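> Going down the list, the protein sequences come from chains A and B.
Counting from 1, one number per residue, gives the positions in the first sequence under the numbering used here.
Counting from 316, one number per residue, gives the positions in the second sequence under the numbering used here.
Incorrect hints may have been included.
Rough simulated footprint, nothing fancy, chain A against chain B, three-plus residues with beta-carbon under 8 Å [to be verified]: (1) 506-517; (2) 528-542; (3) 620-629; (4) 669-675.
Over the 12 Å line for every Cβ pair with chain B, so calculated as not near, a few chain A residues [to be verified]: (5) Leu56; (6) Thr68; (7) Asp69; (8) Leu92; (9) Phe101; (10) Gly123; (11) Pro154; (12) Lys161; (13) Val198; (14) Glu215; (15) Thr227; (16) Ile251; (17) Gly252; (18) Ala303.
Just so you know, the hints here were simulated from the structure itself, not pulled from any lab data.
The model shown is predicted, which means the values in this text are computed figures rather than measured ones.
A virtual CB, placed ideally from N, CA and C, is assigned to each residue, including glycine.
Residues per chain, in single letters:
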Amino acid sequence: MAPPKTQRLERPRGAWADPLFRAACAGAATFVLVALSGIIIFLTVDGWPALQKFGLGFFTSTEWNPVTDIYGAAGPIVGTLISSALALAMALPLAMGIAVFLVEFCPRALSRPVAVAVELLAGVPSIIYGMWGLFVLAPFFAAKIQTPLMMSVPDGSWLSKLIQGVPNGANVFTASLILALMILPYMAAVFRELLLTVPAQVRESAYALGSTPFEAISKVVLPYVRTGSIGVIMLGLGRALGETMAVTFIIGNSHVFPKSLFDSGSTLASTIANEFQEATGMHSAALVACGLVLFMITFSVLAIARGLLSAQRYG
Amino acid sequence: MNRRNTLVTLAAVMACAGALAACNQNKGASAPGSASGPSGADVSGAGATFPAPVYAKWAEAYKASSGVGLNYQAIGSGGGIKQIKAKTVDFGASDKPLKPDELNAAGLYQFPTVMGGVVPVVNIPGVAAGQLKLSGPLLASIYLGAVKTWNDPAIAKLNPGVKLPSMPISVVHRSDGSGTSFLYTSYLAMVSPDWKTKVGASDSVSWPTGLGGKGNDGVAALVKQTSGSIGYVEYAYAKQNHLANALLQNKSGAFVAPTAEDFAAAAAGADWEHAQGNYLLLLDQAAPKAWPITGATFILVYKQQASPERGAQVLKFYDWAYKNGDAAASALDYVPLPDSVKAMVRKQWSTEIKGPDGKPVYAAQ
Numbered sequence: 001m002a003p004p005k006t007q008r009l010e011r012p013r014g015a016w017a018d019p020l021f022r023a024a025c026a027g028a029a030t031f032v033l034v035a036l037s038g039i040i041i042f043l044t045v046d047g048w049p050a051l052q053k054f055g056l057g058f059f060t061s062t063e064w065n066p067v068t069d070i071y072g073a074a075g076p077i078v079g080t081l082i083s084s085a086l087a088l089a090m091a092l093p094l095a096m097g098i099a100v101f102l103v104e105f106c107p108r109a110l111s112r113p114v115a116v117a118v119e120l121l122a123g124v125p126s127i128i129y130g131m132w133g134l135f136v137l138a139p140f141f142a143a144k145i146q147t148p149l150m151m152s153v154p155d156g157s158w159l160s161k162l163i164q165g166v167p168n169g170a171n172v173f174t175a176s177l178i179l180a181l182m183i184l185p186y187m188a189a190v191f192r193e194l195l196l197t198v199p200a201q202v203r204e205s206a207y208a209l210g211s212t213p214f215e216a217i218s219k220v221v222l223p224y225v226r227t228g229s230i231g232v233i234m235l236g237l238g239r240a241l242g243e244t245m246a247v248t249f250i251i252g253n254s255h256v257f258p259k260s261l262f263d264s265g266s267t268l269a270s271t272i273a274n275e276f277q278e279a280t281g282m283h284s285a286a287l288v289a290c291g292l293v294l295f296m297i298t299f300s301v302l303a304i305a306r307g308l309l310s311a312q313r314y315g
Numbered sequence: 316m317n318r319r320n321t322l323v324t325l326a327a328v329m330a331c332a333g334a335l336a337a338c339n340q341n342k343g344a345s346a347p348g349s350a351s352g353p354s355g356a357d358v359s360g361a362g363a364t365f366p367a368p369v370y371a372k373w374a375e376a377y378k379a380s381s382g383v384g385l386n387y388q389a390i391g392s393g394g395g396i397k398q399i400k401a402k403t404v405d406f407g408a409s410d411k412p413l414k415p416d417e418l419n420a421a422g423l424y425q426f427p428t429v430m431g432g433v434v435p436v437v438n439i440p441g442v443a444a445g446q447l448k449l450s451g452p453l454l455a456s457i458y459l460g461a462v463k464t465w466n467d468p469a470i471a472k473l474n475p476g477v478k479l480p481s482m483p484i485s486v487v488h489r490s491d492g493s494g495t496s497f498l499y500t501s502y503l504a505m506v507s508p509d510w511k512t513k514v515g516a517s518d519s520v521s522w523p524t525g526l527g528g529k530g531n532d533g534v535a536a537l538v539k540q541t542s543g544s545i546g547y548v549e550y551a552y553a554k555q556n557h558l559a560n561a562l563l564q565n566k567s568g569a570f571v572a573p574t575a576e577d578f579a580a581a582a583a584g585a586d587w588e589h590a591q592g593n594y595l596l597l598l599d600q601a602a603p604k605a606w607p608i609t610g611a612t613f614i615l616v617y618k619q620q621a622s623p624e625r626g627a628q629v630l631k632f633y634d635w636a637y638k639n640g641d642a643a644a645s646a647l648d649y650v651p652l653p654d655s656v657k658a659m660v661r662k663q664w665s666t667e668i669k670g671p672d673g674k675p676v677y678a679a680q
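Build out the structure end to end from the sequences listed, making use of the hints.
Pasting the structure below:
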């Protein structure tokens, strides 16, 4: 009548694999952390000489002179923030429109293919956007929009100050336009996923109370995903901040503050892409420091996004 | 258990990160290979992008005739200098010659291979290609932003009979660091004291005005799209894309057009014999036909070759290219070196580059 002791002592088959499996998974996770800390350490160590030499001036000065070895990254920092913010302002309404259409109005049969097409757009390589921007968008913009606009605005008005510049289409505005195109599919796709999380009851209740579709969406559905939307914005912003090749092609690449919307500027990423290849000594340290600044900006944006997205999920 | 695992992971991260940092610091010392470079029969080199197409062409023909291949990585001149200093390649390549003291400090020797030049290109309504005449100081004033319109008296004086529009000058420059910008700014610094003090010469500078295009194609696109603009590109790029060039006044006072003969004239007239360490920019040469913005591209090798065989392979390749490579270079719109310069470089090889035993590694015939 003794209990089947032997059976209890016997280890289940395959038990030896468990610790191995766990170790492998832990290893994979550790690898990412190691890579991340490796990057931070590299950026800090190699960028340190520039940060140490120029101190706060690195963030406040616009003098970027490889000949005299004096570097202030204020121009690229501001250019990065302006171009990303502008891109976001252009992309956000469009992305919301696409997502709302796909979730609320699009016939079921069409919805899936259109959603896939939007996601495919996100996969177009950035260099393609850059070439298209430089060879197609910039000349078109210069001839059909910038020049007529500059002609029609009275000299000396605040508007003319806003849009002054060389009419050739390579400026902060067109760079932002390209950026907006690039982050649009990405934002639309995530926004659509977000709208799909709205429970059917919520939507149906709104309609049951007699809401029009516009009222239901603007007063019930969108407020429901409000926190998450901020996360989407941050994700789009994170992408726009780091975008390199397309911007390099079309932003005009000057290291000073852009004087107007149609003036040339530069971003942190475009500066690095332009100059890193030939840089030595302090120049190279300054570029790595630019990388560190960009990393910090992107990192904080993504951290905020993470926080807001998880608040949405559980809140 | 969770907490313990976290601790273990953290410890691992710290350890690995520490190791990484250590690697980083030892980068120079622990780089693979000695002066002999990586093992294998092929010659390895890295550096300038400008001569990469002709080096590839030469390598192809050389492999067919000798069986030895060339592994050349076009990573940019700065990268080429870094790589040869780290001794990861048999030779480095740079569009910008190293100054004699820098060469000596690193124990390096440099020699030119082919030449090219920089050509100002313009887009002015009503002015045909090759019609506009410019001088060096005027070019500097334009790039300094001092001369702002095309009908400025300074431009009109050099161009009697040309109808110049009253149009703002849009200046276009390279945004990426490049040997082309180095040559161009060096020339401007040479002919304009103002440029020298305000801007200086380097592969990327703080441009006082204008906007930057990435690469030759970026500059060309911006010039084409902007009427009233001026830019500068490599000679080969300007020729192959039929860009409207301007004529430049050289040191002798003549207005010259960028052609292969005018580049060769600049190199032939240059004073190579007295150029210490072959540090010579072929800018603003006195020859009557010389194109003022001409430059050679250079190869860097160690004077003391740890492995004479590998050193010999590099020299053998370039000796072969000197003898057989001119047609291929011209076909790609590079300018071959004059024979006198080649003969001088060959002679230097036998006196400058030695193996551990003190004997020359290669004697050119």
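> Run every hint past the structure and note whether it holds.
Status of the hints after comparison with the structure:
1. 506-517: Satisfied; 4 residues make the cut.
2. 528-542: holds (count 7)
3. 620-629: With 0 residues closer than 8 Å to chain A, the stretch 620-629 of chain B misses the three-residue bar; violated.
4. 669-675: Violated, because only 0 residues of the stretch 669-675 of chain B bring their Cβ atoms closer than 8 Å to Cβ atoms of chain A.
5. Leu56: holds, 20 Å
6. Thr68: violated, 7 Å
7. Asp69: Check fails; 10 Å does not lie beyond 12 Å.
8. Leu92: holds, 28 Å
9. Phe101: At about 36 Å from chain B, Phe101 of chain A clears the 12 Å cut-off, so the statement holds.
10. Gly123: holds, 23 Å
11. Pro154: holds, 19 Å
12. Lys161: Non-interface label stands for Lys161 of chain A: nearest chain B Cβ at 17 Å, farther than 12 Å.
13. Val198: With a cut-off of 12 Å, Val198 of chain A remains clear of chain B, as the shortest Cβ separation is near 34 Å.
14. Glu215: holds, 47 Å
15. Thr227: holds, 28 Å
16. Ile251: For Ile251 of chain A, whose nearest Cβ neighbour in chain B is about 9 Å away, the distance does not exceed 12 Å, so it is violated.
17. Gly252: violated, 4 Å
18. Ala303: holds, 18 Å
Hint violations for this structure: numbers 3, 4, 6, 7, 16, 17, all remaining hints satisfied.
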